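There are 2 protein chains.
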Amino acid sequence: MSAKTVQYDKLKNYTSQVLKGLGYPKKQADITAEVLVEADARGVPSHGVARLDFYEKNVKGGFATPAAEPSVVHETPVSVVVDGNNGVGSYVSDFAMRKCIEKAGKTGAGFAAVRNSNHFGMAGLWAEKAAAKDQIGMAFTNTRICAIPTFGKQRILGTNPLCFAIPREGGIPFMLDMATTTVAHGKIEVYERRDLDMPLGWVVDEKGKGTSDTKGFQKLFWSKCPDGGHLFLGGEGEDLGGHKGYGLGLLVDLLCAGMSLGRWSLHTFEGNNGSGIAHFFGAVGLNIFGNAKEIRRHVASILDEVRKSNRAEGEDRIFIHGEKEAEAREKAMKEGIELDEETVKLLDDFGKKFKIEGL
Amino acid sequence: MSAKTVQYDKLKNYTSQVLKGLGYPKKQADITAEVLVEADARGVPSHGVARLDFYEKNVKGGFATPAAEPSVVHETPVSVVVDGNNGVGSYVSDFAMRKCIEKAGKTGAGFAAVRNSNHFGMAGLWAEKAAAKDQIGMAFTNTRICAIPTFGKQRILGTNPLCFAIPREGGIPFMLDMATTTVAHGKIEVYERRDLDMPLGWVVDEKGKGTSDTKGFQKLFWSKCPDGGHLFLGGEGEDLGGHKGYGLGLLVDLLCAGMSLGRWSLHTFEGNNGSGIAHFFGAVGLNIFGNAKEIRRHVASILDEVRKSNRAEGEDRIFIHGEKEAEAREKAMKEGIELDEETVKLLDDFGKKFKIEGL
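Chains as they are written, first to last, in my numbering: chain A, 1 to 359; chain B, 1 to 359.
Excised from the complex, chain A in its bound form (with noise of 0.2 Å):
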């Protein structure tokens, strides 16, 4: 088994074969392959197929519902609160997100609550539904334990990213998509294969101080030992603004699971109910501000600006946050996805199991 570049749409088609596999009913399959094989496309692959693993343990281990279907349980002409009933959490996002972007285009805004999802995928692939329509967009999710707060040890927090897309006139639209932590898990997985110590800042050990011993805080991490865990944006303690990340971290869990009354962080796939994600969407128009396209043009000339300001010696480019990921996306729609060994090995057995025809 060795790498390989597969279209997009075989791609999809073959990752929505696998989740019907996993006995995922067609809607739910195939919102979900899309929203995978898109994170791959960009450039994510923490976010992309190789997460059918996670989707396989979380059918398996009963913390998501395949063919639940979300059900509001609260709403006025600018909200929606949501109960995902464990379902999948690209088919509940999109159901939340809908309404936010409909609220928004009749009321001027839309928020949605949402308790009770699943691992919703990139969170820009939502908030970039209500760009497209010439609205602000916002997505936040909690997530599995992972991260400590400043001047804590143990792991209570999410990596509980947060998303907001901007429309601008003439090009895609700024998006900011981050998880809160300084690094995703994956990027420390990197490491682990490639025998590399961590920079300082990523995280801390059983005793809350600063490691870079990668292979240690693996066995911790994944060890019954409650403390030692992932840095919020800006690392360990105070001087460089870890209590800034860390608070971000929390905003994050305060809006997803405390306006849905849902779970947060801490108590995600606890027991047997459910996983217990929460996420929360947002939909401001920029016509609530005045004329859509006038400021469109103006966040154009921002960023352009920005773009053509003075670089740091040895650099060749200022980045606006989204772009990386839409140039990766053209060149995968023209070439094809790359997928490492892991994953090609990974989707074949599954196609194995399921009899899908190969990639």
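Accuracy of the hints is not assured; some may be wrong.
What the hints assert, rightly or not - As a list, the in silico DSS-like pairs of lysine-lysine whose alpha-carbon atoms are at most 27 Å apart: (1) Lys308(B) x Lys219(A); (2) Lys106(B) x Lys308(A); (3) Lys324(A) x Lys207(B); (4) Lys133(B) x Lys106(A); (5) Lys308(B) x Lys207(A); (6) Lys308(B) x Lys224(A); (7) Lys308(B) x Lys209(A); (8) Lys106(A) x Lys207(B); (9) Lys60(A) x Lys353(A); (10) Lys187(A) x Lys209(B).
Stated by the list, open to error - Sample of chain B residues lacking proximity to chain A, with all beta carbon distances greater than 10 Å (derived): (11) Thr5; (12) Lys10; (13) Val59; (14) Ile188; (15) Glu189; (16) Asp213.
Hints are computed from structural coordinates only; laboratory data are not their basis.
Just so we're clear, the structure is a prediction, and the values are computed from it rather than from any experiment.
Even for Gly, the Cβ is constructed at its ideal location relative to N, Cα and C.
We have chain A already, so just place chain B on it with the hints.
This is chain B only, laid out in the frame that chain A set:
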């Protein structure tokens, strides 16, 4: 002249008189005095009465027009766009935030984009006004340029603070009020006075490379050279997430300047037509997500669990954002506000100039 402790009301009254001396009408003077003294009471002197010096420069330099009234340039049931007409930042912000809160009370959500304003003090003071009405409060502002984008070296963005306040039952709101840069400039000035090197991750030099040379940086920062400046949260490059902090700083400018069609950080304090500072405010009612009291209780229970989680070795407390400031305020209301020698001298000089009774 030496350091001094002054009672809250006395300091507020004195500050208001100084502002009247600078040409502020009574209403503008009173609210600005309150905003400055509140910052001192909360242990945030960088936004306190020591700023009167800067406020005087803003009036003398033609950046602020103390008697200007804000005007509404666009309005919907969920939004308002305000032109500050170069007026006083606190006065303009009070006007805009009241509109947000009023709209959120009626429709569930209210947003304000504000252009042509001035320094608005601590962001948290505006966001907490919404939290006091059972709403999620948001406040953002751009500022004078000081910060560089990832891979850049030119000062094009401000400290661009963001603030979210979320009500909780039985206590002060969760209040994340943070500059998106690693540190505010005031912190570098403290290091300069103490003749200390800065940690790497705070700033870059004229080549765009990280430096810990405090004096060299200060000289560069106040020179005509456009290069060298503050790093955003996460520091230099991408290894520790500097691109995320840069994204947050840029987001703040897109909300403030983008939505108001105002000036972004790079163009603040340009020419003779006001400072051009822009803000963005938001208020979202908890009741659009269900029973507000139940949500406040849930928020409180999450924060309690965070506070009680395992602490790092040698640490005796995990803080919730907003607690330090609230405790400092409680102490200051009992014992008075401590002013350092330099600030006492500044106030005393104003007192002599405007014939205000001694502190």
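Cross-check of the supplied hints:
1. Lys308(B) x Lys219(A): The given pair, whose Cα atoms are some 25 Å apart, holds under the 27 Å limit.
2. Lys106(B) x Lys308(A): This hinted pair is violated, its Cα atoms lying about 43 Å apart.
3. Lys324(A) x Lys207(B): holds (24 Å)
4. Lys133(B) x Lys106(A): Status holds; Cα separation ~25 Å.
5. Lys308(B) x Lys207(A): Measuring from Cα to Cα gives roughly 16 Å; hence the hint holds.
6. Lys308(B) x Lys224(A): Roughly 19 Å separates the two Cα atoms, so the pair holds.
7. Lys308(B) x Lys209(A): holds (18 Å)
8. Lys106(A) x Lys207(B): Outside the cut-off at roughly 50 Å; violated.
9. Lys60(A) x Lys353(A): Holds. Lysine 60(A) to lysine 353(A) sits at ~15 Å (cutoff 27 Å).
10. Lys187(A) x Lys209(B): holds (25 Å)
11. Thr5: holds (26 Å)
12. Lys10: holds (32 Å)
13. Val59: holds (28 Å)
14. Ile188: holds (13 Å)
15. Glu189: The claim stands: glutamate 189(B) keeps its Cβ more than 10 Å from every Cβ of chain A (closest is about 16 Å).
16. Asp213: Answer for aspartate 213(B): holds, closest chain A Cβ roughly 17 Å.
Taken one by one, the earlier hints fail for this structure at numbers 2 and 8, listed in ascending order.
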